[in-house]
Amino acid sequence: MDREQLARRILELLTTIAPDVEAESVIPGIAFRDQFDFDSMDTLNFAIALHREFGVDVPETDYANLASIDRCVAYLAERLT
Amino acid sequence: MQVDFRLPALGADMDAGTVVEWRVAPGDHCRRGDVVAVVETDKGAIDVEIFIDGVVRELLVPIGTRVPVGTALALLETEATVPDTGAHTEAAVPAAETLPAPSRPPAGAGTGQRALISPAARKRALELHVDATSLRGTGPEGAITVADVERAAAPPQPAHEVAPAGPSPQPSPAVAGEVATGMRAAIAGAMSRSKREIPHYYLATTVDVTPASDWLAAHNAAVPVTERLLFAVLLVRAVALACRDHAGFSGFYRDGRFEQSPVVHVGVAVALRGGGLVAPAIMDATGRPLAALMNDFRDLVARARAGRLRASELAAPTVILTSLGEAHVETVLPIIQPPQVAIVGAGAVVERPWVIDGQVVPRRVLTLSLGADHRVTDGRLGAHFLARVAALLAEPAQL
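Chains as they are written, first to last, in my numbering: chain A, 1 to 81; chain B, 82 to 480.
Hints were generated in silico from the structure; no laboratory data involved. Computed from a predicted structure; not experimentally measured. C-beta: ideal position from N, C-alpha, C; glycine also. Some hints could be false.
[To be verified] FRET-style restraints, in silico, Cβ to Cβ:
hint: 1; chain 1: A; residue 1: Pro59; chain 2: B; residue 2: Ser273; range: 45 to 55 Å
hint: 2; chain 1: B; residue 1: Arg461; chain 2: A; residue 2: Arg9; range: 54 to 64 Å
hint: 3; chain 1: A; residue 1: Gln35; chain 2: B; residue 2: Ala269; range: 26 to 36 Å
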């Protein structure tokens with residue numbers, strides 16, 4: 001999976017756990033919580049979705065890496081290699 | 082025995098709803114707890130459950146009709162073996178404190194019956210007279226979006242339509258705004274009533290929650306990601322236990338008197354991204370493990386945001402917890418939601434200098450607050466209650 005595919009899949013997972021967020025409106029380089037209310041419940045659900053999809057267990061201490069699409073792609077690309 | 086199934090109370094701020102979907106038809110058997118209708122309210126679509134076993138004889142309210150709370154929606158024949166009193170009784174919702182935790186499907190289940198539709202899209206569908214159940218959604222998991230509804234409603238456009246003078250057609254953010262307006266009116270109504278009728282008093286205290294947050298971090302590091310807890314769940318438990326230990330904070334004030342609820346159902350204020358909030362209940366928050374409360378909390382937040390709460394969940398809270406920690410404020414001065422008599426507020430967990438044994442040390446602290454009803458308790462009792470919440474948070478392993 002290249003980075004573009006990874007980004008697309010991450011966006012799909014994001015809008016699955018937050019169905020009230022429009023996929024087209026999400027800006028990859030900006031933190032979710034600066035674009036829409038993204039709270040600790042969303043972060044946890046996002047971590048669970050990533051775990052189910054990629055088998056990567058994101059510890060709470062790494063949650064900062066889930067803050068935006070771009071950061072998430074960078075973090076997962078590293079964890080998945 | 083023939084029984085009327087009536088539109089139940091949907092919480093303090095909703096006195097009417099529009100039937101948007103029937104999940105049963107005449108002749109269907111339904112069981113206590115089954116969702117029989119979907120009712121659109123100012124707080125989104127609500128799944129309305131039935132509280133009695135029976136066979137549907139007749140649907141009395143057609144789809145699209147707005148009716149007040151208490152209106153007979155359907156006529157049922159009960160299968161109860163209890164002696165028939167001959168009376169034409171009501172399948173009214175029992176008082177919330179006697180409700181059992183409804184057996185509910187896991188989050189995401191049951192979507193085969195009803196397409197996912199956002200509250201904004203459902204509202205738009207009603208406005209445009211579009212049957213949303215007939216649409217194919219293009220959103221995540223096939224969810225129906227505002228754009229899908231508008232596409233379905235749009236008549237075939239002539240190729241060279243002249244752009245209208247004046248303001249351009251409303252973009253979708255304005256639609257979200259309209260939804261929020263209905264909810265805003267509902268919130269305003271309930272809060273006006275609260276401020277008019279309830280002589281509030283307010284207390285606040287800042288507590289060291291370092292033990293609780295350390296305990297939580299250690300717990301969450303040791304369990305799979307699916308079993309992690311949120312801090313809010315510890316707060317829910319602490320509030321529930323304090324309500325159990327101190328009378329006068331969990332229950333309803335009705336007809337000039339306070340009724341203490343024997344079971345504590347903690348309403349959790351959930352902010353909706355389009356604006357507005359709802360406070361569905363985590364049922365029996367003293368009697369079940371933290372993991373169960375967390376599962377319920379997760380499920381409630383997901384369904385609140387998808388517009389799929391149940392009527393019983395909105396009517397059940399005996400006390401509410403509002404946590405504004407995510408919004409980075411330190412103190413909340415919360416307003417009671419009638420007919421309840423207390424609401425607990427929690428601000429953000431922040432690191433502050435703190436004095437322990439004469440030494441200034443950095444600690445993570447949280448400001449807890451209480452809005453309570455002077456008709457039932459006074460500041461001294463409120464202080465004991467809030468101190469109990471704080472003491473419970475200091476012993477997180479006991480929660």
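Inset, instruction - State, for the Cβ atoms of arginine 461 of chain B and arginine 9 of chain A, whether the hinted interval 54 to 64 Å holds or is violated. - result: holds (57 Å)
Inset, instruction - Return holds or violated for the Cβ distance of glutamine 35 of chain A and alanine 269 of chain B against the range 26 to 36 Å. - result: With a Cβ separation near 28 Å, glutamine 35 of chain A and alanine 269 of chain B satisfy 26 to 36 Å, so the hint holds.
Legend entry - Whether the CB-CB distance between proline 59 of chain A and serine 273 of chain B falls inside 45 to 55 Å: Given a distance of about 46 Å, which is inside 45 to 55 Å, the answer is holds.
When held up to the earlier numbered hints, the structure conflicts with none and fits them all.
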